[in-house]
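Trainee: So the sequences go chain by chain: A and B.
The working numbering applies: residue 1 is where the first sequence begins, and numbers increase by one.
The working numbering applies: residue 1 is where the second sequence begins, and numbers increase by one.
It is possible that part of the hints are untrue.
[What the hints assert, rightly or not] Cut-off 35 Å, straight-line C-alpha distance, at most; resulting in silico cross-link-like pairs (DSBU-like, lysine-lysine):
| # | chain 1 | residue 1 | chain 2 | residue 2 |
| --- | --- | --- | --- | --- |
| 1 | A | Lys89 | B | Lys8 |
| 2 | A | Lys75 | B | Lys8 |
| 3 | A | Lys75 | A | Lys89 |
None of these hints come from the bench; they were simulated from the model.
Quick caveat: nothing in here was measured; it's all calculated off a predicted structure.
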Amino acid sequence: MADGRLRLTIYFTGGLIAILLLIHLSLFSFWFVEGGYYTNMEWENVSTRMGSILWDAFYIILLSAILIHSYSGIKGIAYEYITSDGGRKAIDLLLTAIWIIAFIYGVIPIVSG
Amino acid sequence: MGEKEGRKGILGWIFPITNLERLLYSLHRITGIGLTLYLFIHIYETSMRMYGYETWTATAEFLENPLFHFGLLLVVLAAIFHGVNGIRLILQELGLIAPRPTQPVYPYRKYHRDRKIWRTTIIMLILGVGVAVFALRDFLILLGVL
Chain A
1 MADGRLRLTI YFTGGLIAIL LLIHLSLFSF WFVEGGYYTN MEWENVSTRM GSILWDAFYI
61 ILLSAILIHS YSGIKGIAYE YITSDGGRKA IDLLLTAIWI IAFIYGVIPI VSG
Chain B
1 MGEKEGRKGI LGWIFPITNL ERLLYSLHRI TGIGLTLYLF IHIYETSMRM YGYETWTATA
61 EFLENPLFHF GLLLVVLAAI FHGVNGIRLI LQELGLIAPR PTQPVYPYRK YHRDRKIWRT
121 TIIMLILGVG VAVFALRDFL ILLGVL
């Protein structure tokens, strides 16, 4: 079971993700947007969204929240099975490296306009 | 007892399924790991935009088939479950859906606590099914059924 701080991080980012993901998914829904998924996968629409500072901020916050949430969750599970200090340091380093690469890889298409 | 004695490892997430709370706990973990794997695929997929119009269009066309649409449906259903159950856990942890503490009087009863948890679980189940109906209609359109 994750410790208190880790669990609070999971809860806070989880609440944020729930709100932001509803907006993200609504964009691709046929209920709310004419053409739904097809419309919003079009190059012009993706480029328009990525050209907006507000959408950039929205996606960077969503990406960060999801990455922090998943990092904390996976770390919590890993800590249940890896109990030695050395092992935990190693898993911390490994997860941090993977998640930083994922963040950079995820942010570049957002900010590249 | 040794440190590792009595541990069932990953199998302990699933077996034995003794109650609803345990089942939800296991499903929450499994969907969380699945969604994390999808996150990395999604980051890779969306990064294709950096390589220009042709690469993006080719990626979109590659993803345009029933198999990927079905996979996406599973991802959305997993996200709905993970989200709704996560909200339930947050409410429970913060004590917002916990019963009022009462003086323990013999014979002790636990039905009050159980009833409250069941009520919350049913409300969350209805919420989850409601959102899932939205998602299912979208995917039936994507699959060309509607």
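Trainee: So, for every hint listed, does it hold in this structure?
Mentor: Now for the hints, and whether the structure bears them out:
1. A C-alpha spacing of about 24 Å is found between A:Lys89 and B:Lys8, which places the hinted pair at or below 35 Å, so the restraint holds.
2. Annotation: proposed proximity of A:Lys75 to B:Lys8 holds, straight-line Cα distance about 19 Å (limit 35 Å).
3. Straight-line distance between C-alpha atoms of A:Lys75 and A:Lys89 comes to about 11 Å, which keeps the hinted pair within the 35 Å bound.
Hint violations for this structure: none, all hints satisfied.
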